[in-house]
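Participant: Given next are the chains, with one letter for each unit.
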Amino acid sequence: NAGVTQTPKFQVLKTGQSMTLQCAQDMNHEYMSWYRQDPGMGLRLIHYSVGAGITDQGEVPNGYNVSRSTTEDFPLRLLSAAPSQTSVYFCASSGTSGNEQYFGPGTRLTVT
Amino acid sequence: GENVEQHPSTLSVQEGDSAVIKCTYSDSASNYFPWYKQELGKRPQLIIDIRSNVGEKKDQRIAVTLNKTAKHFSLHITETQPEDSAVYFCAASITPGGSYIPTFGRGTSLIVHP
Chain A
1 NAGVTQTPKF QVLKTGQSMT LQCAQDMNHE YMSWYRQDPG MGLRLIHYSV
51 GAGITDQGEV PNGYNVSRST TEDFPLRLLS AAPSQTSVYF CASSGTSGNE
101 QYFGPGTRLT VT
Chain B
1 GENVEQHPST LSVQEGDSAV IKCTYSDSAS NYFPWYKQEL GKRPQLIIDI
51 RSNVGEKKDQ RIAVTLNKTA KHFSLHITET QPEDSAVYFC AASITPGGSY
101 IPTFGRGTSL IVHP
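Which chain is which? The protein sequence lines are A and B, in order. Sequential numbering of the first sequence, starting at 1, is according to my numbering. Sequential numbering of the second sequence, starting at 1, is according to my numbering.
FYI, nobody ran anything at the bench for these hints, they're computed from the structure. Remember, it's a predicted structure, so these values are computed and weren't measured experimentally. Each residue gets a CB set at the ideal place from its N, CA and C atoms; glycine is no exception. Please note that the accuracy of each hint is not assured.
Unchecked claim - Straight-line Cα separation of at most 30 Å, BS3-like style, residue types lysine-lysine; simulated pairs:
id: 1; chain 1: B; residue 1: Lys22; chain 2: B; residue 2: Lys71
id: 2; chain 1: B; residue 1: Lys57; chain 2: B; residue 2: Lys37
id: 3; chain 1: B; residue 1: Lys22; chain 2: B; residue 2: Lys37
id: 4; chain 1: B; residue 1: Lys57; chain 2: B; residue 2: Lys22
id: 5; chain 1: B; residue 1: Lys37; chain 2: B; residue 2: Lys71
id: 6; chain 1: B; residue 1: Lys42; chain 2: A; residue 2: Lys9
id: 7; chain 1: A; residue 1: Lys9; chain 2: B; residue 2: Lys37
id: 8; chain 1: A; residue 1: Lys14; chain 2: B; residue 2: Lys57
To be verified - So, partial list: chain A residues that the calculated Cβ filter (under 10 Å) puts toward chain B:
id: 9; residue: Ala24
id: 10; residue: Asn28
id: 11; residue: Met41
id: 12; residue: Tyr64
id: 13; residue: Gln101
Bound-form chain A, shown alone (with noise of 0.2 Å):
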């Protein structure tokens, strides 16, 4: 099993520019959520999904969108990329249990 892949690793962007970033997972978990890490503010829950067709917001969802047509795929949109979005984006995954999130290795996205 490969986990959870994310693509890409490093990305940079101009102010206003949109882009998709990646993630999938290949162990049939229901659960999958997109996280972004910034220094000394931990990991802030941007969205997730309990399942194929669900998605929710988290804590800081303002300027991404989310789908999840499939198990498998969790993609991440940017929608107007602004400096403040600079930062590290983990994927992550849970199966039914709830417990143990599996993280993918994460995109370092710069915005200018």
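Guided by the hints, dock chain B onto chain A, whose structure is given.
Facilitator: Relative to the frame of chain A, chain B by itself:
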């Protein structure tokens, strides 16, 4: 919603010393308390967890204690080694049956000096 406070934000110890990281939570319904370790440039990974029906759990040099009444839980690392240097996150959630989404503390940067 749940609020998790974690202290200290930075902890510096000498190799061989013990390290303790403390977290408090606000939602008395939370019943699952994991700890994650994140090495520099890597992803967070689960190192130990505890459920609310257990007061203490050990795994070699690490242990977690939980005080449900006071709503706090702690990570204890004994005989620290340089490879223990990392950022540690505590979290709290309601699982199964709840939202399952963990709320994370802000992290503790542990530095172990050789």
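Participant: Does each hint hold? Answer for all of them.
Facilitator: Here's how the hints hold up against the structure:
{"no.": "1", "hint": "Lys22(B) - Lys71(B)", "result": "holds, 11 Å"}
{"no.": "2", "hint": "Lys57(B) - Lys37(B)", "result": "holds, 17 Å"}
{"no.": "3", "hint": "Lys22(B) - Lys37(B)", "result": "holds, 14 Å"}
{"no.": "4", "hint": "Lys57(B) - Lys22(B)", "result": "holds, 15 Å"}
{"no.": "5", "hint": "Lys37(B) - Lys71(B)", "result": "holds, 22 Å"}
{"no.": "6", "hint": "Lys42(B) - Lys9(A)", "result": "holds, 12 Å"}
{"no.": "7", "hint": "Lys9(A) - Lys37(B)", "result": "holds, 20 Å"}
{"no.": "8", "hint": "Lys14(A) - Lys57(B)", "result": "violated, 48 Å"}
{"no.": "9", "hint": "Ala24", "result": "violated, 15 Å"}
{"no.": "10", "hint": "Asn28", "result": "violated, 16 Å"}
{"no.": "11", "hint": "Met41", "result": "holds, 6 Å"}
{"no.": "12", "hint": "Tyr64", "result": "violated, 16 Å"}
{"no.": "13", "hint": "Gln101", "result": "holds, 6 Å"}
When the structure is compared with the earlier hints, violations turn up for hints 8, 9, 10 and 12 and for no others.
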